[in-house]
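> Sequence:
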Amino acid sequence: MIVKERKIPIHILKLEALLRRLPDSHPKYSKIEGDLAKRWAGYRGEQSLEYYLESLSENEYFILHDLRLKNGNYFFQIDTLILSTKFALILEVKNIAGELFFDKSFNQLIRKQNNKEEGFSNPITQTKRQQMQLNSWLALNKISPLPVEYLIVISNSASIIKTQTWNTEAFKKVCHAGEVVEKIERIENLYNKYEISSKEIRKLIKVLLKSHHPQTQDILHSYDINRSEIRTGIQCPSCAVFSLIRAYGRWLCNSCFQKFKDAHRSALADYFLLINGTIKNQDFREFCHIPSRHIATQLLNSLNLPHTGTNKSRIYHEPPNFLESMNEVN
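Heads up: the sequence shown begins at 1 in full-length UniProt numbering, then just goes up one per residue.
Quick caveat, the hints were computed from the structure, so don't treat them as lab data.
Hints should not be assumed to be uniformly reliable.
What the hints assert, rightly or not - Dumping the calculated DSSO-like pairs for lysine-lysine here, alpha-carbon to alpha-carbon at most 27 Å:
hint	residue 1	residue 2
1	193	7
2	104	183
3	193	203
4	4	104
5	183	193
6	86	206
Unchecked claim - Pair by pair, the computed Cβ-Cβ distance ranges are:
hint	residue 1	residue 2	range
7	249	283	34 to 42 Å
8	218	116	31 to 39 Å
9	128	55	24 to 32 Å
10	140	178	29 to 37 Å
11	40	178	15 to 23 Å
The beta carbon of each residue, even a glycine, is placed where N, CA and C say it ideally should be.
Using the sequences and the hints, build the whole thing.
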């Protein structure tokens, strides 16, 4: 049973908004474009795993995707956490193509592709750290002890996995996505004599969901981009030019001459992603090139945004699931 669904990561939405608002000629455009491609590849790899997890019994296993928990002063991220009354399983998903060599001697992952070699940090070490952090988190939250296992899942079925013949850890902990269910069944057999109550599992799930901290990041600061470098205005949904003007209760594109009703919603989503999670009337007018305070008020009020303050001091807040709903529309 999926108790926390996987959603498009906020970091991907921020990167997409940043690319929309940066000129193609910007010196950091290509790097951001590359970073976005890597993020999408990782996300699609995680998505592909869900096909195989569908065969798990809904009554025996509980699946939580994309968890971010705080352990003391630090946060740790888990791609997928599977819970049963016998054990917890961390799945770290890697969507990496090519020939993958898990080198235990130097604690690294070496990828060979197109006659080139590239080094990565060892996913086994990374996931073992997550295992330690989750064990510590369970103890900190006074949760009944639950054995924590982990697997590294290579989602690209064409990737070739190799390691030293004596690296038993890699043989046990690394697999293709198609082997996941079989691996879970083997882990299940290890803990036949251990079990906590269903009540304790429900309590654990409740605490995990309550303790989840969505990641927030100032994407402009991350790339050392000044706010003045961001293009303002409303982008045409048809021709992608930032040329919409307000006329007769509609948005008119000066480039392709098409009309739109709610094009300001996408611009507001970009503002929330790139600038701030709150916005004032003046900020909205400046960002969307709206000359009239009255029209800006009408547009903001039509979105039923939560707000604080009154009149000129009113501050509008990003509502829950606003960005997700925008992504569904787009």
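> None of the hints should be skipped; say for each whether it holds.
For each hint, the structure was consulted:
For the proposed pair residue 193 and residue 7, the alpha carbon gap of about 36 Å is over 27 Å, so the pair is violated. Between residue 104 and residue 183, the direct Cα distance comes to roughly 21 Å. Compliance with the 27 Å bound is thereby established for this hinted pair. Of the supplied pair hints, the one linking residue 193 and residue 203 holds, its CA atoms being roughly 21 Å apart against a limit of 27 Å. With a CA separation close to 34 Å, the supplied pair residue 4 and residue 104 exceeds the 27 Å bound.
At most 27 Å may separate the alpha-carbon atoms for a hinted pair to count; residue 183 and residue 193 meet this at roughly 18 Å. Taken as a hint, the residue 86 and residue 206 pair is honoured in the structure, with Cα atoms around 18 Å apart against an allowance of 27 Å. Checked against the hint of 34 to 42 Å, the C-beta distance between residue 249 and residue 283 comes to roughly 22 Å, which is inconsistent with it. The supplied range of 31 to 39 Å is met by residue 218 and residue 116, whose beta-carbon atoms lie about 34 Å from each other.
As the Cβ distance of residue 128 to residue 55 is approximately 27 Å, the hint placing it in 24 to 32 Å holds. Range check, residue 140 to residue 178: about 36 Å between beta-carbon atoms, so the 29 to 37 Å window is met. Between residue 40 and residue 178 the Cβ separation comes to about 22 Å, which falls inside the hinted range of 15 to 23 Å.
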